[in-house]
Amino acid sequence: MKQAISVNVNGVDHHNEVEPRLLLVHYLRDLLSLTGTHIGCETSICGACTVLVDGQAVKSCTMFAVQANGANITTIEGLAANGNLHPMQEGFWEKHGLQCGYCTPGMIIAASQLIDRNPDPTRAEIRHGLEGNLCRCTGYQHIVEAVEYAAKKTNV
Amino acid sequence: MSKYVGQRIKRTEDPRLIKGLAHYVDDIRLPDTLHVAFVRSIYAHAHIAGIDVAEAVKSPGVVAVYTGKDVATKVGPVPCAAALPDLKVPDYRVLATDKALFVGHPIAAVVATDKYLARDAVDLISVDYEELPVVVDVEAAAKGGPVVHEKFGNNIAYTLTSGEGDIDAAMNAADHIIKQRMVHQRLAPIAMEGRGVLARYFPGEEELTLWSSTQIPHLMRTQVALMIGLGEHKLRVITPEVGGGFGSKLNVYAEEALLSWISMQLGKPVKWIESRRENVQATIHGRAQVGTVEVGCKDDGTITGLRYNVFADLGAYHQLLTPAIPTLTGLMLSGAYRIPAIQMNVTGVFTNKMSTDAYRGAGRPEATYVVERAMDIVAAELKIDPVAVRRKNFPGKDEFPFHTATGLDYDSGDYEGALAKALDLSGYAKLRDEQAKGRAEGKIIGIGMSSYVEICALGPSQAMPAGGWESATVRIEPTGKVTVMTGASPHGQGQETSFSQIAADELGVDLNDVTVIHGDTAIVQYGIGTFGSRATAVGGTAVLIAIQKLKEKAAKIAAHMLQGDASSLSFEGGRYSLPAGDAPATGTSDPVVPVGEAPAGALPEPQTEGRTSLTIQEIALAAHIAKELPPDTEPGLSATYFFEPKNFTFPFGTHICVVEIDKETGETKFLRYVAVDDCGKVINPLLVDGQIHGGIVQSIGQALYEEVVYDEQGQLVTGELMDYAIPRASQLPWFELDRTETPSPVNPLGVKGVGEAGTIGATPAIVNAIVDALSPYGVKHLDMPVRPENVWKILQQ
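If you read the sequences in order, they're chains A and B.
Under this note's numbering, the first residue of the first sequence is numbered 498, with each subsequent residue one higher.
Under this note's numbering, the first residue of the second sequence is numbered 134, with each subsequent residue one higher.
Rather than coming from a laboratory, the hints here were simulated on the basis of the structure.
Check before you lean on any hint, since a few could be wrong.
As the list claims (entries may be wrong) - With a cut-off of at most 30 Å between alpha-carbon atoms, the simulated BS3-like pairs for lysine-lysine come out as follows: (1) A:K650 to B:K143; (2) B:K191 to A:K499; (3) B:K802 to A:K649.
Just chain A, with the same shape it has in the complex (with noise of 0.2 Å):
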């Protein structure tokens, strides 16, 4: 019943039997112990479990575990480089863009990806880019600042 699967995730190699109905987000969270990925929906809709899967977003709340066998995945846990922080997450620091801090790490995943692809983003690129992250807290005013802190460093 259960399948083999290997998945690097944050950089570590792990190889584990899981059953085939397992969640990406539960594998991570339960047999890894990487609570940093939350959920918020189970729907897809919120973000809060963001991750990135071959370097695209992925809310892995609707992902199967099997279903990343051979991938190379980053959560939050693995975003901070030589225990410095990513831009976005100094941002999200210096911009207050966070509260309660549930939907962060997804938000802060979402969003590395978006100026990835789009280093220079407007704030209506920024907005439009994070539709698919819930935020209940902050306005996502503060989120698009953040952002857009992230975006100047990143560029310098």
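On the provided structure of chain A, position chain B as indicated by the hints.
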């Protein structure tokens, strides 16, 4: 003057959150944890003829299955703390016994070794439902029809009349009476983290630890202890990181008590993490009032009286504060105005729906909406500018404390000041010109405003169901680090930062030398919690006064060590100093070994020889070593204070927005949004801006998008985020914020509170703007949410 207070300090809690290293309930992993899943009613009203759990019990991984019968005599009912005259209080069992009264009503709990297996077993439980007639509409429920609770005979939970002044005389004295029915639709709070519970009972120690995503750890400890019959001193409630609350976690829910009890039965940790579907079904909703406002006014716009007759949709049961929420509406019906007579007649009504309770604003957004819509309707009726009507009825800034006909005394205010600033910032006169020009070009543009007042810093204990004070303990450790323990329980507001700012300034220490601990009843003295825009005004004040108490003792120790007189010592920059004249000619002013940097082992006693000053951190060390203390001085350096406010606080402000309606689609687009808010003294402007933004967006959600919809069978139509529409980044304008600052006299910090301002102030500004835009089409009022299809229909007529 202040190094930290008043500054835009970035948050000290953020590093763990942005790295994904914080711990919400589901992130806490205990060995041998069992997982709970619920069978919930699929009907809004049904007799439960039988429950067959035989298959589920045999299902892989299942450890236990509990139904209502198993727990009815073991776990007490879900508590209601609201006390109103002749209130009918139904018996709300943690699992339904003979009847299910709303969709989502928990019927059975499955406990299994794995959450997938628990859900599998839920599907194997067969409930024999016998459907009963359903009552959904609040007005229909009040008039008759099916009865939710048979033993009460009807659906009226209570009726209440409040207000002062002769309302009939006031209406008779009016030149005009406007009357408008208004609907405040049912909303779901939708904290991004749903509820979550982890309970662990140690049978040997007979101690239970309950992790819960809540705003009120101490109140929960008291209530759950009573529900499960455990000594309160044997129950520890821990509130780890909480992913938003908005009032939905200002409650004690069935699941918290039931999981605690199950853990005691099984002797193992048990966990339940709410799914979003469960969250929309069975976490409290907000608003849900249908009322009619009548306002009497003179020809010149002077308001003579206001009457609001309202039905409040309570849902099937009372949660912690359900019946009390509409009473807050009654308190705030004077808005920012001098209204000589006010009356609210509220009827609280049972329906076959989830309970309503405190959702951000909790009864006050309804009042503000009623009053601010009414002001615009009066302005339209009298054909005068909405600004002029408001100005006509504002109390002057020298009239405070201002007594209202709702029985309150507003602490301080300058409503004209905030209004003038908002008019200026928005360029109001120019906006009206642009609107006229736009209209001439065929554009549908509207300008809306709202001058709100809110009641915050809840509140004096006399006015609260369970104490309105807040507590703090401040302790300086031997190494000079400062520990602040607050009874408030922040969940995103950033009080770890703002309370550190208060403490660091008051003690003259570095911000990073302060830690703020909250949300653990085994560590923190009893507290009330975070809700009602109270944490900083009440809890922050408790921190301030605890520090002042601590410093009285520190000054005595300093005087003893410096051989001076405590009353002549000065305290500045964290240092007690002798008066300049008393200073010896020589001597070092800095400690030999900096406090906090000494090697471990025997801590060095502060050197006093030749010193003219000592840091408060050196005094803390001396207080712990306790060899050089004044006679009869208690060792250690800590102080606890429970602050009881003498009144509420009353933040206020004016919001102005400009909208344009798309002719083709009926969609509302924001052109401008200007908010001038006055929340008294500001501890951290960055955090205040964040609170305002977030609050306004929840208002926009109510005005344009959100509604919990039950169909006529009581089925929840908006059961997921796929169909319950909270605002997205792309739907929102850029907010232009400014402030006025009118300190509150109620607390020494002068702060008023800001958590709910946006959700209280913004909704009517938005609807006023839309109605203004559509006034050429004869529109005088629209109910929320103002959906494009509703507007489109109007445009087609």
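A quick look at each hint next to the structure:
For the suggested pair K650 of chain A and K143 of chain B, the alpha carbons sit about 18 Å apart, so the restraint of at most 30 Å is met. Pair hint K191 of chain B plus K499 of chain A holds up; C-alpha atoms about 22 Å apart against a cutoff of 30 Å. Between the alpha carbons of K802 of chain B and K649 of chain A the distance comes to roughly 29 Å, so the proposed pair stays at or under 30 Å and holds.
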